[in-house]
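**Q** Which chain is which? The protein sequence lines are A, B, C and D, in order. Numbering-wise, my numbering puts 247 at position 247 of the first sequence, and it's gapless, one number per residue. Here my numbering = 1-based position in the second sequence + 393. Here my numbering = 1-based position in the third sequence + 786. Here my numbering = 1-based position in the fourth sequence + 1039.
Be careful, since some hints might not be right.
No more than 30 Å apart at the CA atoms, straight line, and that leaves these computed lysine-lysine pairs for DSSO-like [what the hints assert, rightly or not]:
| # | chain 1 | residue 1 | chain 2 | residue 2 |
| --- | --- | --- | --- | --- |
| 1 | D | Lys-1237 | B | Lys-425 |
| 2 | B | Lys-755 | A | Lys-152 |
| 3 | B | Lys-395 | D | Lys-1175 |
| 4 | A | Lys-293 | C | Lys-897 |
| 5 | A | Lys-212 | B | Lys-608 |
| 6 | A | Lys-321 | C | Lys-922 |
| 7 | C | Lys-852 | A | Lys-269 |
| 8 | A | Lys-36 | B | Lys-614 |
| 9 | A | Lys-101 | C | Lys-943 |
| 10 | A | Lys-254 | B | Lys-686 |
| 11 | C | Lys-868 | A | Lys-278 |
| 12 | D | Lys-1196 | B | Lys-401 |
| 13 | A | Lys-7 | C | Lys-947 |
| 14 | C | Lys-897 | A | Lys-8 |
| 15 | A | Lys-344 | B | Lys-445 |
| 16 | A | Lys-72 | B | Lys-499 |
| 17 | B | Lys-426 | D | Lys-1200 |
| 18 | A | Lys-293 | C | Lys-855 |
| 19 | B | Lys-671 | D | Lys-1175 |
| 20 | B | Lys-671 | D | Lys-1151 |
| 21 | D | Lys-1150 | B | Lys-401 |
| 22 | B | Lys-400 | D | Lys-1196 |
| 23 | C | Lys-897 | A | Lys-278 |
| 24 | A | Lys-35 | C | Lys-946 |
| 25 | A | Lys-278 | C | Lys-852 |
These aren't lab readings, by the way, just hints derived from the structure by calculation.
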Amino acid sequence: MKYTVDKKGFYGNYGGAFVPEMLFPNLDELEKKYKKIINDIDFQEDYNNLLKDYVGRPTPLYFAERMSEKYKSKIYLKREDLCHTGAHKINNTVGQILLAKRLGKKRIIAETGAGQHGVATATVCALAGIECVIYMGAIDIKRQAPNVARMKMLGASVVAAESGSKTLKDATNEAIRDWINNPVTTHYIIGSVVGPHPYPDMVAKFQSIVSKEIKSQLIEKEGTDSPDYLIANIGGGSNAAGLYYHYLEDKKVKIISVEAAGEGVESGKSAATSVLGKTGIIHGSKTLLMQTKDGQIVEPYSISAGLDYPGVGPLHAHLLKSKRAEFMSITDSDAMLAGLEVSKLEGIIPAIETAHAFAAFKYLDFKPNDIIVVNFSGRGDKDLNTYIDYFNL
Amino acid sequence: MKYTVDKKGFYGNYGGAFVPEMLFPNLDELEKKYKKIINDIDFQEDYNNLLKDYVGRPTPLYFAERMSEKYKSKIYLKREDLCHTGAHKINNTVGQILLAKRLGKKRIIAETGAGQHGVATATVCALAGIECVIYMGAIDIKRQAPNVARMKMLGASVVAAESGSKTLKDATNEAIRDWINNPVTTHYIIGSVVGPHPYPDMVAKFQSIVSKEIKSQLIEKEGTDSPDYLIANIGGGSNAAGLYYHYLEDKKVKIISVEAAGEGVESGKSAATSVLGKTGIIHGSKTLLMQTKDGQIVEPYSISAGLDYPGVGPLHAHLLKSKRAEFMSITDSDAMLAGLEVSKLEGIIPAIETAHAFAAFKYLDFKPNDIIVVNFSGRGDKDLNTYIDYFNL
Amino acid sequence: MNRIDKKLKEEGKLLSIYFTAGYPNLDDTVDIIFKLQESGVDMIEIGLPFSDPLADGPTIQDSSTKAIKNGMNTNFLFNQLKRIRDKVSIPLIIMGYFNPILQYGVEDFCKKCNKIGIDGLIIPDLPIDYYEANYKSIFEENQLYNMFLIAPQTSDKRIKKIDSISNGFIYMVSSSSITGSKNSFSPEQINYFERIEKMNLKTPRIIGFGVGNKETFNTVVKYSKGAIIGSAFIKNITENGVESIASYIDSIR
Amino acid sequence: MNRIDKKLKEEGKLLSIYFTAGYPNLDDTVDIIFKLQESGVDMIEIGLPFSDPLADGPTIQDSSTKAIKNGMNTNFLFNQLKRIRDKVSIPLIIMGYFNPILQYGVEDFCKKCNKIGIDGLIIPDLPIDYYEANYKSIFEENQLYNMFLIAPQTSDKRIKKIDSISNGFIYMVSSSSITGSKNSFSPEQINYFERIEKMNLKTPRIIGFGVGNKETFNTVVKYSKGAIIGSAFIKNITENGVESIASYIDSIR
Ligand SMILES: Cc1ncc(COP(=O)(O)O)c(C=O)c1O
Ligand SMILES: Cc1ncc(COP(=O)(O)O)c(C=O)c1O
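Just need the whole structure built from these sequences, with the hints factored in.
**A** Given below as structure tokens:
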């Protein structure tokens, strides 16, 4: 079984580029150039320098002593929360801004839900001195005011998506529309391993630094480069893709992908695509998505703004269908309690997205010598209001 | 001239331990043990491991290309904003919690103003599984709600200081009172290079990792280990102490300490201790402080909650009086504009404390080959509301 | 011969109208088709509404959202169109995004279209290669044309390829702007129209996007066989109701 | 002989009262001193208020804040006390934090105290070593005693040192709790009282902190020469006014 993208842009049955003709030239250009550009020595040097001096990589692989004690195994946290701007998202935006410069683009657009990818994009645009427009659902703009302020501080324009359900899905539509309208000047920085080929592969490659680092860090700490479990939360699936990347062919390594069940998989308020999704087309990609029987895309729900995407990236659809990854669905309340537990045991407040991965622990049966690596995808600062309200702090 | 503490706990004319007898045994124990403990190989190993895997050190020394262009010199940012919890404060709390464990203490107390030190303390207490009580002025509790929530998420109790002006100074009084009441079980983690001996020296030592890292980073980047300028903001002076530590004897290195002028040094709403302060006793230390002619301590003002302390650490009083450091006072409005400028030029939103250091640039005359190292003491997430209100974002 | 080809062979310039099925009211579909035919329109694109129509501007998107809310779906549309073919002689095309068609089943969808008498489909987000590899034969078995788009950035090489595999017409997108209709065209757009005209493609072109009044209609038909009006038509029925269709069409030509 | 020593030589147990100068009203200072003397109090600690009294509990802190607001300051206090010595025979001690004294100038402060007839000072945050190295001679020149504190955690070695250099009395802090007066003492506190008693120090001890009623007064004087009441006294005048001083003192012994 192959887990990398094929020549036509597919992971098994999933992927592709289901986009209107107006975007064909952009994607064709990207597809033809991206591998060449990102494999270029010059690019690699710029990228690695920024990851080191700007993003703060390598991020630690931290042995969580008290969590390990509680769950009777060896738990390591890959500390993406320590990245500049507070989550793994910047690994991708740093790569894409360098790519955009080499493509000669003068303007950047991006979609954002919780605002984390929007901030990461606004950040690299400030760094590069390039104009930046962020699309964000009108409802999310209200919910995530601090991240909106961060983007504005960084000089980006934040445009409200007023269509549809006025959240991430619609912001993505608006960003794609902008790209259709500005195909020559503009590069679209997608924030996860979603969207048309070559985005899922490109974003996964930029995130793959995560598992690359883990390999050498684990050797140093455990004398082996492969853990027993990799556990990540899945919104679109970019932090998960980064965590799994160099382990996909290594079948000894169990992969657990944790989705948001919202108020429960059967509650009608959920984002558990692996259970509720069917194959379809969303944002230019053939993948699993939540939809009505007529093929209308359904608005997902999760307490975590980064996980309420109605699909998953095509790589993850493929990992699920090929049984390479096991999927779990975690409710809001399990996730919130896990977030509090991690905070109190380790002194690290996780993003609610990240908390979902930890909530899976109590449903898993670790052995004392099992090495577990969790992608600590982001810090919880952006979620403080939600935590405050939920726990009455 | 010597810039380290003398045997009696003084920096030149400043320092000492002006505390009631009830605290004498605690400080005496600390004074007798701290050097031995922190020089112990075992301690060093634990400390360095936590700095690496938990805090995320070394923090990058980032060459700020666009700032350098604007200010026509070589500007490097020491990225303490990338530390776990978002500021340099944790370098100290990680050290002190390890010390507290070796002293057999079962309970930690701390004071906090903006909440940054409170969060850093609550964090290491969660990590160590030790009870934690944070004193915070009743007014600050209202102003800094997100940091209060963070502390609670981390399992700390936050106690409102209702006395005096209900801000940092009073929180410190309350913490000292608590320590007097609980001398045996409790260790007091002071958050800056203030308070009675041996705190200023101990905190400076824990922060000295900053200049230690810079030395080797500069050699790698510039082929020399000493910059032309070191620039830091000064509240109590801990981030500044860390930045200067290994350069104090190296007179070629110019030191610029940037204080908060608030609404202007002469406005009556200021925290510019170097101009407005006189020698006196505050929180157990002889140093420069803002006071009435009767010796009552004056409430300082700055838009930045981390800089509105009415004194400076005794080391800094000594650096000022001995002319080793040059002090500058920066107004709220200069600082806020500098914060916005750095955000837009480099994609890094600084804490308003940190922004004060950048605001000094326009008053300084750098040469094109000058190497400037600024302590980027913390990220601006905690200050977003202030930025939003100030700039109407 | 397919009705689309027949129509394209006629003298003169063609006016084609796009509207969203189920908008403004669920049961307006058939009525709108009749009224369009009566007004002398040459071809109709019946929009199968989709929740996330990312190649469309706000007008069409709003109409789609409304139509779905009204209860429109694929089966319902097929039911509405079941007996229409007897009464409508002009070509009928269904225009819709790929996902609803995929969910219905591409083969079933095509069979149903054939049975009802639909002449062709326009599926903006179905890539040409993917169509050719997977669905071409199904379309052919069901006598359905699949019309492709070209846009200002489409390379000459690709245009030639599209021309070589096209049935019916090429849907020529007037500009890279999808924000709805405008009142005039820019010099760059005219250049583009001329450039394509000079390519002497075998397939007739119909220009869409940004056509909405007499002036823009007259401009684009100088460079093509006809024009498609979408947003402007929908805006008109939103503002003036279905009754106004005849006078709106009259205003165009 | 210093009035403090004379008082300590008297038979019986001593009651000493601390109050904050300038509280409840700016001009109450002298009146309170007179009333205390009339009520048979043996010694008075006049508190020079400080903005940040970190060894005191909330009652004394609040009274200090209020007193400063009322306008109390060092010069003002000296003026109030200028002519008091003629009318007051019991020892008068000024108790205050070091910073206001430092700002006044330690030498000037001591001279002024001497002139007015103050017998001693208690400066809780002035360390013994620092005092000995810098100010001892000034105090002696001005016939001022500087009284030191000991607390439950103070080591025997240090107590012996303090004993050896002490004038007047040792201010023995009853517990490590500064949260104000209590109604009784714990077994640990009694142990501590006994332990110090057994050390047979040359300097008499007066116990303070946590003394506030007859019961606690009677307990501590079993182990010492006397007691200091502070918070409880201030609480009483806050609630019942300066007029109630006599009856309050009567309630203690
Ligand atoms: C901290 C964090 N983790 C996870 C996610 C989910 O995205 P992905 O699945 O692409 O990693 C987000 C999205 O905003 C995020 O902010
Ligand atoms: C980011 C940051 N910088 C600077 C300071 C000032 O403290 P110090 O002078 O001790 O570094 C603070 C205090 O809270 C802070 O949070």
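**Q** Which earlier hints turn out false for this structure, listed by number in ascending order?
**A** 10
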